[in-house]
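Each residue of the sequence shown is one higher than the one before, starting from 43 at the first, in our numbering.
If you're looking for bench data, these hints aren't it; they were derived computationally from the structure.
As the structure is a computational prediction, the values presented were derived from the model and not from experiment.
Ideal placement from N, C-alpha and C gives every residue a C-beta, glycine not left out.
Accuracy of the hints is not assured; some may be wrong.
For each label pair, taking beta carbons as the anchor points, the in silico distance ranges come out as [unchecked claim]:
(1) G87 x G53: 29 to 35 Å
(2) N84 x N43: 33 to 39 Å
(3) P91 x N44: 22 to 28 Å
(4) F83 x N43: 27 to 33 Å
(5) A56 x E118: 17 to 23 Å
(6) F83 x F57: 15 to 21 Å
(7) S67 x G108: 18 to 24 Å
(8) H58 x H100: 25 to 31 Å
(9) I117 x G87: 37 to 43 Å
(10) N84 x L124: 20 to 26 Å
(11) G53 x Y77: 14 to 20 Å
(12) N59 x E120: 14 to 20 Å
(13) P65 x M88: 31 to 37 Å
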Amino acid sequence: NNERFGFLKWGSNAFHNMLVVPPGSGIVHQVNLEYLGRVVFNTDGMLYPDSVVGTDSHTTMIDGLGVAGWGVGGIEAEATMLGQ
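Modelling step: build the complete structure from the supplied sequences, incorporating the hints.
Structure (structure tokens):
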């Protein structure tokens with residue numbers, strides 16, 4: 043896990059639109075709602091929901107609170123981040 047989080051930390055420093063929440067901060071949907079989520083975005087008069095993609099099995103629970111959540115497998119998430 044240290045290598046994974048090292049890679050993710052690098053990514054969060056390299057890309058301005060990537061934020062990594064460190065381990066031990068809580069369950070992903072809870073962290074998203076309490077610290078990151080805006081629920082609704084308003085861009086030039088167009089409203090659209092916040093979204094989250096997570097590898098936690100409870101990620102989709104955030105849907106009940108108005109945030110569109112998708113759960114994906116850990117291997118698939120890492121492969122996507124690496125462009126595979």
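Let me make sure I understand: some of the numbered hints might not hold for this structure. Which ones are they, in numerical order? 3, 10
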